Amino acid sequence: MTIITKKKPFEEVLGALKNVNKIGLVSCGSCAAMCQTGGTEGAKEMAEKLEQEGFEIVITIVPEEVCDNRVMMKDFRKIDEELGEIDAILTLSCGLGVASIIQVLSKKHPDIPVFISNNTEFMGMTERIGRFYMRCRGCGDCLLNETGGICPITTCAKSLMNGPCGGMVRGKCEVG
Numbered sequence: 221m222t223i224i225t226k227k228k229p230f231e232e233v234l235g236a237l238k239n240v241n242k243i244g245l246v247s248c249g250s251c252a253a254m255c256q257t258g259g260t261e262g263a264k265e266m267a268e269k270l271e272q273e274g275f276e277i278v279i280t281i282v283p284e285e286v287c288d289n290r291v292m293m294k295d296f297r298k299i300d301e302e303l304g305e306i307d308a309i310l311t312l313s314c315g316l317g318v319a320s321i322i323q324v325l326s327k328k329h330p331d332i333p334v335f336i337s338n339n340t341e342f343m344g345m346t347e348r349i350g351r352f353y354m355r356c357r358g359c360g361d362c363l364l365n366e367t368g369g370i371c372p373i374t375t376c377a378k379s380l381m382n383g384p385c386g387g388m389v390r391g392k393c394e395v396g
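Residue 282 in our numbering sits at position 62 of the sequence shown; the count goes up by one each step and never skips.
Note that these hints are calculated values from the structure, not bench results. A hint or two may mislead.
Pairwise CB distance ranges, derived in the manner of DEER restraints [said to hold, decoys possible]: (1) G315 to E261: 16 to 26 Å; (2) A236 to N289: 50 to 60 Å; (3) G274 to C362: 40 to 50 Å.
All figures in this text were calculated on a predicted structure; none of them were measured in a lab. Even for Gly, the Cβ is constructed at its ideal location relative to N, Cα and C.
Construct the complete structure from the given sequences, taking the supplied hints into account.
Encoded structure:
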């Protein structure tokens with residue numbers, strides 16, 4: 221399972237960083253790396269773009285899983301001095317990564333704002349790097365035992381759970 225992310229438009233990222241000069245980059249080495257929205261390459265690309273816009277990148281780290289508080293506590297201990305020098309963190313991760321960073325920073329560096337460069341899309345089934353399928357939305361009411369392993373919420377364009385909708389054209393869904 222991979223949390224699927226897509227890059228926000230760079231102008232939107234710049235807008236979030238409008239009152240910031242010194243940045244710490246935290247780039248997910250797991251899900252976002254697989255989606256090509258993070259990882260080492262994503263961090264390098266983002267650092268170059270930000271530096272061209274006049275930002276100073278003080279520190280860049282690529283934790284294996286930004287969403288794991290234990291990993292982030294360990295990694296932040298290693299860069300504690302640099303954390304004291306930055307105005308903000310920009311994370312190339314999903315929303316869980318932001319939440320983890322904020323929680324871990326709240327103990328020692330509660331005033332450091334955390335911004336995100338990605339939009340979180342869905343939990344994805346991986347076919348290959350860069351190719352994912354939405355097969356679960358994490359709705360909290362799993363029906364797979366009753367539907368033969370096919371989720372009607374993610375596979376039906378109308379998310380119908382009470383049988384065929386009648387909106388078929390030549391045996392195929394009218395929506396998609």
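Tested hints:
At roughly 21 Å, the beta carbons of G315 and E261 sit within the given window of 16 to 26 Å. Checked against the given bound of 50 to 60 Å, the beta carbons of A236 and N289, roughly 23 Å apart, lie outside it. Remark: the range hint 40 to 50 Å for G274 to C362 is upheld by a beta-carbon distance near 48 Å.
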